[in-house]
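Student: So the sequence lines, in the order shown, correspond to chains W and X.
Under my numbering, the first residue of the first sequence carries the number 845, and numbering increases by one thereafter.
Under my numbering, the first residue of the second sequence carries the number 845, and numbering increases by one thereafter.
If you're looking for bench data, these hints aren't it; they were derived computationally from the structure.
Treat the numbers as computed from the prediction; the structure is a model and nothing was measured.
Any given hint could turn out to be false.
Chain copies aren't distinguished; within one or between two, either way the pair holds.
[Claimed, not checked] Pairs of lysine-lysine, DSBU-like flavour, derived with a Cα cap of 30 Å:
(1) LYS880 x LYS1074
(2) LYS1126 x LYS1151
(3) LYS1074 x LYS1063
(4) LYS1119 x LYS880
(5) LYS1250 x LYS1022
(6) LYS1205 x LYS1151
(7) LYS1063 x LYS1205
(8) LYS1205 x LYS1238
(9) LYS1206 x LYS1074
(10) LYS1250 x LYS928
(11) LYS1022 x LYS1119
(12) LYS1193 x LYS1074
(13) LYS1048 x LYS1193
(14) LYS1250 x LYS1205
(15) LYS1128 x LYS880
(16) LYS928 x LYS1238
(17) LYS1132 x LYS1119
(18) LYS1022 x LYS1206
(19) LYS872 x LYS1119
(20) LYS925 x LYS1205
(21) LYS925 x LYS1132
(22) LYS1206 x LYS872
(23) LYS1063 x LYS1119
(24) LYS1022 x LYS1193
(25) LYS1128 x LYS928
(26) LYS941 x LYS880
(27) LYS1214 x LYS1238
Number of protein chains: 2
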Amino acid sequence: MGNILVGQSGGPTAAINASLYGIIAQGKENMDIFEKIYGMRNGIEGFLDDRYVNLSDTINADDLELLKTTPSAYLGSCRYKLPKDINDAVYPRLFEKLNALNITALFYIGGNDSMDTVAKLSAYAQTIGSDICILGIPKTIDNDLVEIDHTPGFGSAAKFVASAVRDISMDSHVYNTKSVTIIEIMGRHAGWLTAASLLARKDKQDNPTLIYLPEVPFKLESFYRDVEEKLAERNNVTVCVSEGISDEHGVFLCEYLQAAEADTFGHKNLTGCGKLLENMVKSKFGVKVRSVELNVIQRACAFIGSKADIEEAVAASRFGVQAALAGETGKMISCERDASAETYTLRYKTVPVSLVCNREKKFPLEWITKNGTDISPAFLEYCTPLIMGEMQLKTENGLPAYCYLK
Amino acid sequence: MGNILVGQSGGPTAAINASLYGIIAQGKENMDIFEKIYGMRNGIEGFLDDRYVNLSDTINADDLELLKTTPSAYLGSCRYKLPKDINDAVYPRLFEKLNALNITALFYIGGNDSMDTVAKLSAYAQTIGSDICILGIPKTIDNDLVEIDHTPGFGSAAKFVASAVRDISMDSHVYNTKSVTIIEIMGRHAGWLTAASLLARKDKQDNPTLIYLPEVPFKLESFYRDVEEKLAERNNVTVCVSEGISDEHGVFLCEYLQAAEADTFGHKNLTGCGKLLENMVKSKFGVKVRSVELNVIQRACAFIGSKADIEEAVAASRFGVQAALAGETGKMISCERDASAETYTLRYKTVPVSLVCNREKKFPLEWITKNGTDISPAFLEYCTPLIMGEMQLKTENGLPAYCYLK
């Protein structure tokens, strides 16, 4: 008998608590092996300060069900980077705490940076001969993890983006005048989420008209030419741009506007290119221009969560608990499509976390068309199954009921 | 036998097509009296250019059902102001067109400005002895029409605002550090929609912490003091501000940032105060600050539409057709709560459109508390019934199916 410890790290998604739900639900189903399930408050950083909760005792069955569709990170999050030096004093301190709680399985839910934490912890565990199973549960709206078909959290964000881009485009379509609408979408250096705006297009003639991903250097002259050409063809041009577009010198467009700040992992705060382009297009073409930054709502909106995404997040973390039971460690839970199945079918597996951490899966260049202004239909085939279905949310006073940490 | 003509005007809402649905559905049920239902393309402006569609022949039953939850304005919209001078040549030209199409009932769906159009048209009709019934169907997310309990479109926007403010606040809550989140909400000079952010607060301690409406002059020093005080009490402060907040001299905060542009009705483009406050708070307090402009998604999002709102929009315009059958003209369809009913019950009625047009219903000062930083619970009682319920949307490929003008 031992205990589970689970933590959440990095930016929240609409599915990160579904991942937590999967760990708790599967952990409870294996109470012959796992006695208690502890949750780190604010990830590994909070755990180092002895901030954790006993999840097995505090979440009842009703709350657990609500947790599945509760947005944000229930346990809180952190952006704490473990030291590179494996001889740093933080490691023995951490494992002392793990052993004191009799932890036998540790799950860390997060993206690239969180997988870096999993890799370091499992490497250290090996050096000291600890048999704690340390596993990463993938989560990111950016869909930029390697060695996995797609990441939990991406489907819900993609569904929000597709739905919002369609609704905004229709809204901007009402006046019989020329207009440009610029929609700024998250995704950091990878264009996956911006590409999901393609799902908004109901036929060839429909918006979005132009889609710019960070995988192709953004050239202002080409952009002006593209907009001019499209404005000549149609009244309303919707342009979707990734927050991470950069020019041919690698300078982020949003850096033109402000000194981009960096977080503890050295990542710059990338927002504002939509507003910048709005002003540029306005002064260049004199038409009505509006920019919309989808901002954190695209990762936080429970009402527009994808059922497929939520269910896959649960399945992946349930698989994670089973992998721990089989003694696996130093791995991330991954998934692949069953190529032999007639309809979309996902299979779960594990991959060495060392292959995943600190790497980024870019949007495939072969799916970027028309000189970097459009996305190939092949992406639709890839992405559509991920946004299918809606969760039936329990509501209170007209709003979704959520589960909150007491 | 005569025909119906219907138009949509001003900014779209999630319920403006539900209003159109009501006219068409009720019109079709009275085909003994109304032979055809025509729709103006881009409101009165398009109709003057002979741009209209025959709705009775082009929308089938399936499409009509989809229309109810289709966002944006199906017929297109305009911001066209009819001349004040009733002797202007546009009036006889318009009525010639109305008579040529044998229009006996004209419905104009819109807000204050659209009611101005209804008032002018019905006044002119009276001078020439025309018996065309001209009626206004209310619509605006701003909820700023007088002589009505609340406007169709407000409930859905309020539901989006409440849901987004809760989800964004939860998202900003994940890190164990001080942060301020500023959410900019629409509503022009009236605070109704910003006040709806109160619905996001699940208990007294919850966000949003500070709410600023345009009804109270915005003082920067008081704002700084409020934020400082709240930051001392808690980690994460969500501030909701109306796009239309202005200082004690009546200068819109967003005007500090840019020369606010004006539309044909002389209304300034009010956006950007959230970003301005973000920069101010950042440099003043040095904490993490994020601003989120809810932008057009708050009026366009079908996924988060309020069932109560959609159904009331339908009921109001059905009532409008019945009012035309009773020979009423120069009126706006209005509603009031049945004070004698135990639960929320709405009654429809008509009010003279001349009482409504060019006036604004401000948010009641007695519902603004704590020196202009919070909203009274009395507003919750008023607003909660308006956001109740969700429409079951038909979806295609994971997104809502809509009805489009061919």
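Student: Is it within, between, both, or neither for LYS1126 and LYS1151, if the alpha carbons may be no more than 30 Å apart?
Tutor: neither (39 Å within a copy, 38 Å between copies)
Student: Given identical chains, is LYS925 near LYS1132, meaning Cα to Cα at most 30 Å, within a copy, between copies, both, or neither?
Tutor: Classified as between; 19 Å across copies, 45 Å inside a copy.
Student: If the cut is 30 Å between Cα atoms, do LYS1214 and LYS1238 qualify within a copy, between copies, both or neither?
Tutor: So LYS1214 and LYS1238 fail the 30 Å test inside a copy (44 Å) and across (33 Å) alike.
Student: My question is about LYS1063 and LYS1205: at a cut-off of 30 Å on alpha-carbon distance, are they close within one copy, between copies, both, or neither?
Tutor: Within one copy only: 23 Å inside, 48 Å across.
Student: Could you figure out if LYS1022 and LYS1193 sit no more than 30 Å apart (CA to CA) within one copy, between two copies, both or neither?
Tutor: neither (51 Å within a copy, 39 Å between copies)
Student: Between the shortest in-copy and the shortest cross-copy C-alpha distance, which are at most 30 Å for LYS928 and LYS1238: within, between, both, or neither?
Tutor: neither (44 Å within a copy, 51 Å between copies)
Student: Regarding LYS1119 and LYS880, is the shortest C-alpha distance of 30 Å or less found within a copy, between copies, in both, or in neither?
Tutor: So LYS1119 and LYS880 fail the 30 Å test inside a copy (49 Å) and across (45 Å) alike.
Student: Checking an output row: LYS880 and LYS1074, CA cutoff 30 Å. Within, between, both or neither?
Tutor: neither (60 Å within a copy, 37 Å between copies)
Student: Measure nothing new, just compare the shortest in-copy and cross-copy C-alpha distances for LYS1132 and LYS1119 to 30 Å and report within, between, both or neither.
Tutor: both (13 Å within a copy, 20 Å between copies)
Student: Using 30 Å as the alpha-carbon threshold, which applies to LYS1022 and LYS1119: within, between, both, or neither?
Tutor: both (19 Å within a copy, 27 Å between copies)
Student: At most 30 Å between CA atoms: does that hold for LYS1128 and LYS928 within a copy, between copies, both, or neither?
Tutor: neither (49 Å within a copy, 35 Å between copies)
Student: Within a copy, between copies, both or neither: which one fits LYS1063 and LYS1119 at a CA-CA cutoff of 30 Å?
Tutor: both (17 Å within a copy, 26 Å between copies)
In this structure, the earlier hints numbered 1, 2, 4, 8, 10, 12, 13, 14, 15, 16, 18, 19, 22, 24, 25 and 27 are contradicted, and the remaining ones agree with it.
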